[in-house]
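Protein chains: 2
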Amino acid sequence: MGKSKRRVVWTMSGGPTRVKNRTFVAAINEAYQHQDEIPEFWGAVNGPVGVLRGKFMDLYQISPGLLRRVAHTPGSALGSTRKKFKKGDITPEEFAKALMTHEITDYVVQGGNGSAAAAIKIKQIAQEAGYELRVYHVPKTIDNDLVGSDHTPGYGSAARYVILRTMGDDTDTHSLPGVKINVVQGRDAGWLAASSRLAREFGSDSPHLIYVPEVSFYTDKFLEDIAEIAGRYGRAVVTVAEGIRYHDGNMVASEIGGNGNGNGNGEKGKAKLAHYLEDLAQDNMGSDIRVRSDTFGYSSRTMPGVVSEQDGIEADMVGGRVIELVLAKADGQSVTLQRGSDLFGYIPVIGSISLEEIAGRTRQLDKRSIAQSGNDINATFVEYIRPLVGEIPPLGKLNLTDTI
Amino acid sequence: MGKSKRRVVWTMSGGPTRVKNRTFVAAINEAYQHQDEIPEFWGAVNGPVGVLRGKFMDLYQISPGLLRRVAHTPGSALGSTRKKFKKGDITPEEFAKALMTHEITDYVVQGGNGSAAAAIKIKQIAQEAGYELRVYHVPKTIDNDLVGSDHTPGYGSAARYVILRTMGDDTDTHSLPGVKINVVQGRDAGWLAASSRLAREFGSDSPHLIYVPEVSFYTDKFLEDIAEIAGRYGRAVVTVAEGIRYHDGNMVASEIGGNGNGNGNGEKGKAKLAHYLEDLAQDNMGSDIRVRSDTFGYSSRTMPGVVSEQDGIEADMVGGRVIELVLAKADGQSVTLQRGSDLFGYIPVIGSISLEEIAGRTRQLDKRSIAQSGNDINATFVEYIRPLVGEIPPLGKLNLTDTI
Numbered sequence: 123m124g125k126s127k128r129r130v131v132w133t134m135s136g137g138p139t140r141v142k143n144r145t146f147v148a149a150i151n152e153a154y155q156h157q158d159e160i161p162e163f164w165g166a167v168n169g170p171v172g173v174l175r176g177k178f179m180d181l182y183q184i185s186p187g188l189l190r191r192v193a194h195t196p197g198s199a200l201g202s203t204r205k206k207f208k209k210g211d212i213t214p215e216e217f218a219k220a221l222m223t224h225e226i227t228d229y230v231v232q233g234g235n236g237s238a239a240a241a242i243k244i245k246q247i248a249q250e251a252g253y254e255l256r257v258y259h260v261p262k263t264i265d266n267d268l269v270g271s272d273h274t275p276g277y278g279s280a281a282r283y284v285i286l287r288t289m290g291d292d293t294d295t296h297s298l299p300g301v302k303i304n305v306v307q308g309r310d311a312g313w314l315a316a317s318s319r320l321a322r323e324f325g326s327d328s329p330h331l332i333y334v335p336e337v338s339f340y341t342d343k344f345l346e347d348i349a350e351i352a353g354r355y356g357r358a359v360v361t362v363a364e365g366i367r368y369h370d371g372n373m374v375a376s377e378i379g380g381n382g383n384g385n386g387n388g389e390k391g392k393a394k395l396a397h398y399l400e401d402l403a404q405d406n407m408g409s410d411i412r413v414r415s416d417t418f419g420y421s422s423r424t425m426p427g428v429v430s431e432q433d434g435i436e437a438d439m440v441g442g443r444v445i446e447l448v449l450a451k452a453d454g455q456s457v458t459l460q461r462g463s464d465l466f467g468y469i470p471v472i473g474s475i476s477l478e479e480i481a482g483r484t485r486q487l488d489k490r491s492i493a494q495s496g497n498d499i500n501a502t503f504v505e506y507i508r509p510l511v512g513e514i515p516p517l518g519k520l521n522l523t524d525t526i
Numbered sequence: 123m124g125k126s127k128r129r130v131v132w133t134m135s136g137g138p139t140r141v142k143n144r145t146f147v148a149a150i151n152e153a154y155q156h157q158d159e160i161p162e163f164w165g166a167v168n169g170p171v172g173v174l175r176g177k178f179m180d181l182y183q184i185s186p187g188l189l190r191r192v193a194h195t196p197g198s199a200l201g202s203t204r205k206k207f208k209k210g211d212i213t214p215e216e217f218a219k220a221l222m223t224h225e226i227t228d229y230v231v232q233g234g235n236g237s238a239a240a241a242i243k244i245k246q247i248a249q250e251a252g253y254e255l256r257v258y259h260v261p262k263t264i265d266n267d268l269v270g271s272d273h274t275p276g277y278g279s280a281a282r283y284v285i286l287r288t289m290g291d292d293t294d295t296h297s298l299p300g301v302k303i304n305v306v307q308g309r310d311a312g313w314l315a316a317s318s319r320l321a322r323e324f325g326s327d328s329p330h331l332i333y334v335p336e337v338s339f340y341t342d343k344f345l346e347d348i349a350e351i352a353g354r355y356g357r358a359v360v361t362v363a364e365g366i367r368y369h370d371g372n373m374v375a376s377e378i379g380g381n382g383n384g385n386g387n388g389e390k391g392k393a394k395l396a397h398y399l400e401d402l403a404q405d406n407m408g409s410d411i412r413v414r415s416d417t418f419g420y421s422s423r424t425m426p427g428v429v430s431e432q433d434g435i436e437a438d439m440v441g442g443r444v445i446e447l448v449l450a451k452a453d454g455q456s457v458t459l460q461r462g463s464d465l466f467g468y469i470p471v472i473g474s475i476s477l478e479e480i481a482g483r484t485r486q487l488d489k490r491s492i493a494q495s496g497n498d499i500n501a502t503f504v505e506y507i508r509p510l511v512g513e514i515p516p517l518g519k520l521n522l523t524d525t526i
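If you read the protein sequences in the order shown, they are chains A and B.
Note that the numbering used here has the first sequence beginning at 123, numbered continuously upward.
Note that the numbering used here has the second sequence beginning at 123, numbered continuously upward.
These aren't lab readings, by the way, just hints derived from the structure by calculation.
It is possible that part of the hints are untrue.
Pairs involving identical chains hold if they fit within one copy or between any two copies, as the list cannot separate such chains.
No farther apart than 27 Å at their CA atoms in a straight line, the calculated lysine-lysine pairs in the BS3-like style are these [said to hold, decoys possible]:
1) 519 x 177
2) 519 x 206
3) 489 x 208
4) 205 x 519
5) 489 x 209
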């Protein structure tokens, strides 16, 4: 290729998170310390679409003050895209030409497991065009489903949001008794739905029931469970992952026609699932008890002011680490996040893994995390998630049976 | 009645808010300083239902530590009810008997304008039974629609939530372009929908359009507005109050069959409205741009961690004031919240007003707050709301046209 000067391009992929921009800004900060080795650090606007169209920002030119604000703003600061590497979206041949035209030597993809697969595809596209390109991946996803990691940046803050909203519904149903069903993100794994478990301090606290895609969903059992809890506590707060599926493996949301959207962002599909379950439960309970449902929507990933401090710090760490990979020319690697021995409390450990090992694969909840009953999450999971979500303020509730 | 010792009963009415319990705890704290005059201070569990069933808590017996936690917990700590004073719900004759049986001398209702009407009803029920009862009202409502007040405790924190969620959608659509329609609480007045306006710092920030019940809704204009904004910015974030109505005065939500619920809490009705508008906009825009919708649900009033400090302080203040009304035997009064001259910045001023003046009446947005175009909120409203919602963190966004 006749070019020795390195030109590193950062691309954002997939959905936004609360700390995606922290990783991005930490990486700029780290690269800036190594300008002799990384003389050019560009950001592509809207991911590979920006590469194709030649839309790049010079990341060293952004003012430190703005970068600080960007770091603490949810979202994908460079813009992301839903387009794929295929004719009609991003034609591979044209993309390879763009890589060469802009003399890109190193390509960083910030995303989830789908983006890891895309990174491999990009490497392959370049190779087929006879162009030498080093590719790296740095994780971000609220789904927490990357293999090879204990957890992923973005998850802790999204989980914090799920926990706080569940606590809100706890106080709500404590105020005005009823059944509340919340449909939470997670098509293939129940990590976010499970996180709501941390909202429960005492047995009577919400959530009273949790349904995840890892356990087969039986409608009759679901209705019995709710009736039983409502009978015991006069109310029930229920967490349901969007990806719950019947014993035959078909998603409930798909069966009721609510999930035609292949991007995993079917907000309306989630709402259909929520209303379907709400109607079932209301019919089953009769009109004596009020049944309501809600979906947690995009706000799980982007509403400001709900960041887990630990999540933010770890997002910084993986941003620094991917630049170390770039400096080492560790082509085809992704950053991982593990936890050290818990002898001395929680310690995050940053490492790396080959892209092939994580691409397109999904990590589900550990069987030990799921209660035998199939409608709850075990305390082992509470120990797992507690260090990731930041301090959760305790609720103060009166015992309403403590009357004169 | 032959009874000289005062027995004050606190009841909670209507929906929960984030600071309802602060008012309640501040009142207990104030009453506790005046035990010679208020020897007994009881809380009825689930409002008038608790009175009927003789379910009272001795408020002086709750530990200070628990009270502190309760104060900072969203909800209605004593429980509320949706039941009304009518046969089948709460029979007036039985209720009057319960008042006498429990020798209640002073009755405090914490609620909104509907609760003020209920307080008058309670006074009347007692009078008809020949029983002397003093009645007081202390405001709480996220709706901000009480006449006689500049704003109400609970509104600032709910508005803070609406603002932060709108900012989240701003970063979301900045990351992945699309149209986002948010349906926000407010059947008869657009106070909460209008609050989203504070999320906009620059002209291109969200929300780009705001529709309130105070302005007639025209479907064609709505679709044109969105297309125009999406054409200009490549995205659009739209706030819609649940109570938007056509020129003939009929609510859009009712017309599409989404609002059969008379309690004003029709979450599913809001979702139906959201999906209806989403589908209209998607059909109009074509498949090139992604249209999504969401409702803000119960989390607007109860998700913890989103309290406006000013709102919390004012909630404390009105709690202290209603006890002063009780001490003064100011029968039939409600607490008001005004603002002082703004010569020296924002200052809240607590006062009182006759229940008759506020009961069942609704305060709408000032015409000066609404833009001439009918699809936006003016800067005068920003000045009004800014002191009420607490510090809003600025977003840091890159200008994505600032390319090399």
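Checked hints:
1. Taking CA atoms no more than 27 Å apart as the test, residue 519 paired with residue 177 passes between copies only; the shortest distance there is 17 Å, against 54 Å inside one copy.
2. Proximity of residue 519 and residue 206 under a CA criterion of 27 Å is satisfied inter-copy only: 25 Å between copies versus 50 Å inside one chain copy.
3. Taking identical chains as interchangeable, the C-alpha atoms of residue 489 and residue 208 are never at most 27 Å apart, the minima being 37 Å within one chain and 52 Å between chains.
4. Within a single copy, residue 205 and residue 519 get their C-alpha atoms only as close as 48 Å, which misses the 27 Å cut-off; across copies the closest is 22 Å, which meets it.
5. Taking the closest pair of Cα atoms, residue 489 and residue 209 never come within 27 Å of each other, the shortest separation being 41 Å inside a single copy and 52 Å across copies.
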